[in-house]
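Asks: Residue-level listing of the chains:
Protein chains: 2
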Amino acid sequence: MRIVVDAMGSDTHPEPDVAGAILAAREFGDEIFLVGDEKQINAELGKTAIGDLPIRVIHASQVIKMTDKPSEASRVKKDSSMHVGLNLVKTGEADAFVSMGNTGGILAVAMLHTLRRIPGVKRPALGVIFPLSNNPLLIDNGANTDAKPDFLLQFALMGSLYVEHVRGLTKPRVGLISNGEEEGKGNQLIKETMPLLAESGLNFIGNIEPKEFIQGKADVGVTDGFIGNIILKTAEAVASYMKDIIREEIRANLLTMAGGLLARPAFKRVGQRLDPAEVGGAPLLGVDGVVIVGHGRSSAYAVKQAIGQARLAVQRDIVEAIRDGLGS
Amino acid sequence: MRIVVDAMGSDTHPEPDVAGAILAAREFGDEIFLVGDEKQINAELGKTAIGDLPIRVIHASQVIKMTDKPSEASRVKKDSSMHVGLNLVKTGEADAFVSMGNTGGILAVAMLHTLRRIPGVKRPALGVIFPLSNNPLLIDNGANTDAKPDFLLQFALMGSLYVEHVRGLTKPRVGLISNGEEEGKGNQLIKETMPLLAESGLNFIGNIEPKEFIQGKADVGVTDGFIGNIILKTAEAVASYMKDIIREEIRANLLTMAGGLLARPAFKRVGQRLDPAEVGGAPLLGVDGVVIVGHGRSSAYAVKQAIGQARLAVQRDIVEAIRDGLGS
Numbered sequence: 061m062r063i064v065v066d067a068m069g070s071d072t073h074p075e076p077d078v079a080g081a082i083l084a085a086r087e088f089g090d091e092i093f094l095v096g097d098e099k100q101i102n103a104e105l106g107k108t109a110i111g112d113l114p115i116r117v118i119h120a121s122q123v124i125k126m127t128d129k130p131s132e133a134s135r136v137k138k139d140s141s142m143h144v145g146l147n148l149v150k151t152g153e154a155d156a157f158v159s160m161g162n163t164g165g166i167l168a169v170a171m172l173h174t175l176r177r178i179p180g181v182k183r184p185a186l187g188v189i190f191p192l193s194n195n196p197l198l199i200d201n202g203a204n205t206d207a208k209p210d211f212l213l214q215f216a217l218m219g220s221l222y223v224e225h226v227r228g229l230t231k232p233r234v235g236l237i238s239n240g241e242e243e244g245k246g247n248q249l250i251k252e253t254m255p256l257l258a259e260s261g262l263n264f265i266g267n268i269e270p271k272e273f274i275q276g277k278a279d280v281g282v283t284d285g286f287i288g289n290i291i292l293k294t295a296e297a298v299a300s301y302m303k304d305i306i307r308e309e310i311r312a313n314l315l316t317m318a319g320g321l322l323a324r325p326a327f328k329r330v331g332q333r334l335d336p337a338e339v340g341g342a343p344l345l346g347v348d349g350v351v352i353v354g355h356g357r358s359s360a361y362a363v364k365q366a367i368g369q370a371r372l373a374v375q376r377d378i379v380e381a382i383r384d385g386l387g388s
Numbered sequence: 061m062r063i064v065v066d067a068m069g070s071d072t073h074p075e076p077d078v079a080g081a082i083l084a085a086r087e088f089g090d091e092i093f094l095v096g097d098e099k100q101i102n103a104e105l106g107k108t109a110i111g112d113l114p115i116r117v118i119h120a121s122q123v124i125k126m127t128d129k130p131s132e133a134s135r136v137k138k139d140s141s142m143h144v145g146l147n148l149v150k151t152g153e154a155d156a157f158v159s160m161g162n163t164g165g166i167l168a169v170a171m172l173h174t175l176r177r178i179p180g181v182k183r184p185a186l187g188v189i190f191p192l193s194n195n196p197l198l199i200d201n202g203a204n205t206d207a208k209p210d211f212l213l214q215f216a217l218m219g220s221l222y223v224e225h226v227r228g229l230t231k232p233r234v235g236l237i238s239n240g241e242e243e244g245k246g247n248q249l250i251k252e253t254m255p256l257l258a259e260s261g262l263n264f265i266g267n268i269e270p271k272e273f274i275q276g277k278a279d280v281g282v283t284d285g286f287i288g289n290i291i292l293k294t295a296e297a298v299a300s301y302m303k304d305i306i307r308e309e310i311r312a313n314l315l316t317m318a319g320g321l322l323a324r325p326a327f328k329r330v331g332q333r334l335d336p337a338e339v340g341g342a343p344l345l346g347v348d349g350v351v352i353v354g355h356g357r358s359s360a361y362a363v364k365q366a367i368g369q370a371r372l373a374v375q376r377d378i379v380e381a382i383r384d385g386l387g388s
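Going line by line, the protein sequences match chains A and B. Each residue of the first sequence is one higher than the one before, counting from 61 in our numbering. Each residue of the second sequence is one higher than the one before, counting from 61 in our numbering.
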């Protein structure tokens, strides 16, 4: 297998991107194409004894930065690491693309300039795996801020296929994220989407509240990209706020501080359980190729995990599964 | 001051509702009208020596339950505690209405059958105060699942006036909840609302992400009722999930368990800081009278706090402030 890693993706590129690629080449034995500024990548590679690991450097002269406007940058920076990398997947020279870079940029380059959509896909969508007990997938997560009922139906189908194939779950439970099931609950979009899901043949468990999603009652949570992103960001912010106030209150006196020290291994395990790096990156579903998007603040380990996820998606042929599922 | 308390509101009514009313009568000295099933209320009152506390029981033969459909119940159960109680405010016999009951029911009875809107108000909105360091107000929170830009503009104005008058903050910072400020971020509603807020004369600090709201960067977060409710429910669910896994990991071995015991006072303070009871109930803004809605699972203390909040809203005349603010 040949996996492209965007060496210019993470906030502190190319360090974690290259280091993660090395970890992956070592662990999985796959061929890795590191795409980006040749000089910077080679300098980074030079820091480690990589021996005969199957790592190849492919030069790209431009970088789509976090601060770039996605649609403009995707049009102007045609020699970006994203263009070059995604083109390798498009031409079949590589099997998957992994990047910790600007999500909007990846979306725009993949959808508009390189891979394009799988025929029949109305809108590609970004699935995010939540680091909860059952690792549920929330889809969409920012690719489409104004969705229509038939988009959501496809998000549900693609998300369900991803969880089924890549995670090996049979009949994943699909829930439509809403603010309740009572009369008057749900906005117009939810009300129109619900009957489509009920007739979809998916294992649709009905409308669910964020609480039920967090508690693991669904394997796939379906929502539009705006709300998906709001849920993700609220969850991250609340977890971080709680960590802060717990630390603050524990440090408030010596006795609780001693307790905090003793309980440290427990806090560490909590941190690990909530670490998004463990579950890998976010699959961009509906484009004609395997694309995994990781967090800008990813560590080398997180990059390696995202590469591992990309390989699974290739092995289980998620693109073909979606093509079949859509009957296209 | 005369405050109506819906004795049939909470999940375990009338116990916490009546007990909270007693606490409030004792602490504030205000006259409390307990509205609901006379027998049940008197039985509950009989459990405590209330002496000459200014508490009056007003009979209402029906109850709008949590499971009732709001619009239907508000039409059919004309002698519900909500109808009777809100009518007392409408006729001027009381100054405010406090209920821990069905939010949709309160909304429907207030908007359609009793108080109605302040002239000029397009849609009343429910503000929720988050138990965070700066106690920010999120508005709307479920009253309007499909909002328009001019609704959001009024939510911002009403929320800002509430925070200014009732909490005494000058020039409250108003943020529009979005998924980011970059190009392509925000849905259609956000994009159309932003310029209205920029020209509103409010202290508009721009679009903010849920993270910034949680971190206290705004005093008023503006959003539609669907998203507001999703944020609230996600925040509650994540906080509760974290509590659960911290407890689980601390109990996993004896050493961390000992640490947890020592750190217990810190956890208790964290729990207090995050307790919504501390900040009171949710003001229903835009109806022609003071209405505070509390949580169905409220304790007597939470009911008392909500009553305290209602009195402040009356003292600072929030209804008049909104009437003035709308120029109506």
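Calculated directly from the structure, the hints in this document are not laboratory data. A hint or two may mislead.
Identical copies look the same in the list; a pair holds intra-copy or inter-copy alike.
What the hints assert, rightly or not - No farther apart than 27 Å at their CA atoms in a straight line, the calculated lysine-lysine pairs in the DSS-like style are these: (1) Lys-277 to Lys-107; (2) Lys-328 to Lys-231; (3) Lys-99 to Lys-231; (4) Lys-182 to Lys-251; (5) Lys-150 to Lys-137; (6) Lys-138 to Lys-245; (7) Lys-107 to Lys-271; (8) Lys-245 to Lys-129; (9) Lys-251 to Lys-328; (10) Lys-129 to Lys-271; (11) Lys-125 to Lys-271; (12) Lys-99 to Lys-138; (13) Lys-107 to Lys-328; (14) Lys-99 to Lys-271; (15) Lys-125 to Lys-99; (16) Lys-271 to Lys-245; (17) Lys-271 to Lys-303; (18) Lys-245 to Lys-137.
Asks: Indicate, hint by hint, whether the structure satisfies it.
Replies: Each hint tested on the structure:
Taking the closest pair of Cα atoms, Lys-277 and Lys-107 never come within 27 Å of each other, the shortest separation being 46 Å inside a single copy and 42 Å across copies. Taking the shortest alpha-carbon separations for Lys-328 and Lys-231, neither the intra-copy value of 34 Å nor the inter-copy value of 42 Å comes in at or below 27 Å. Taking the shortest Cα distances, Lys-99 and Lys-231 never come within 27 Å of each other, neither inside one copy (48 Å) nor across copies (52 Å). In the homo-oligomer, the alpha carbons of Lys-182 and Lys-251 lie at most 27 Å apart both inside one protomer (20 Å) and across protomers (23 Å), since each shortest distance falls under that limit.
Taking identical chains as interchangeable, the C-alpha atoms of Lys-150 and Lys-137 lie at most 27 Å apart only when both belong to the same chain, with a minimum of 18 Å there against 64 Å between chains. Only between protomers do Lys-138 and Lys-245 lie at most 27 Å apart by alpha-carbon distance; the minimum there is 23 Å, versus 46 Å within a single protomer. In the homo-oligomer, the alpha carbons of Lys-107 and Lys-271 never lie at most 27 Å apart, since the shortest distance is 46 Å inside one protomer and 37 Å across protomers. Taking the closest pair of Cα atoms, Lys-245 and Lys-129 come within 27 Å of each other only across two copies (11 Å); inside a single copy the shortest separation is 36 Å, beyond that limit.
For the identical chains of this complex, Lys-251 and Lys-328 are neighbours neither inside a copy (42 Å) nor across copies (41 Å), given an alpha-carbon limit of 27 Å. In this assembly of identical chains, Lys-129 and Lys-271 lie within 27 Å of each other by CA distance solely across copies; the values are 22 Å between and 34 Å within a copy. Taking the closest pair of Cα atoms, Lys-125 and Lys-271 come within 27 Å of each other only across two copies (22 Å); inside a single copy the shortest separation is 35 Å, beyond that limit. For the homomeric pair Lys-99 and Lys-138, the shortest alpha-carbon distance inside one copy (19 Å) is at most 27 Å, but the shortest distance between copies (78 Å) is not.
Proximity of Lys-107 and Lys-328 under a CA criterion of 27 Å is satisfied in neither setting, with 30 Å inside one chain copy and 48 Å between copies. When the C-alpha separation of Lys-99 and Lys-271 is checked against a cutoff of 27 Å, the pair qualifies neither within a copy, at 48 Å, nor between copies, at 37 Å. Taking the shortest alpha-carbon separations for Lys-125 and Lys-99, only the intra-copy value of 18 Å comes in at or below 27 Å, while the best inter-copy value is 69 Å. When the C-alpha separation of Lys-271 and Lys-245 is checked against a cutoff of 27 Å, the pair qualifies both within a copy, at 15 Å, and between copies, at 25 Å.
Both within a single protomer and between protomers do Lys-271 and Lys-303 lie at most 27 Å apart by alpha-carbon distance, with minima of 20 Å and 14 Å respectively. When the C-alpha separation of Lys-245 and Lys-137 is checked against a cutoff of 27 Å, the pair qualifies only between copies, where the shortest distance is 21 Å, while the shortest distance within a copy is 45 Å.
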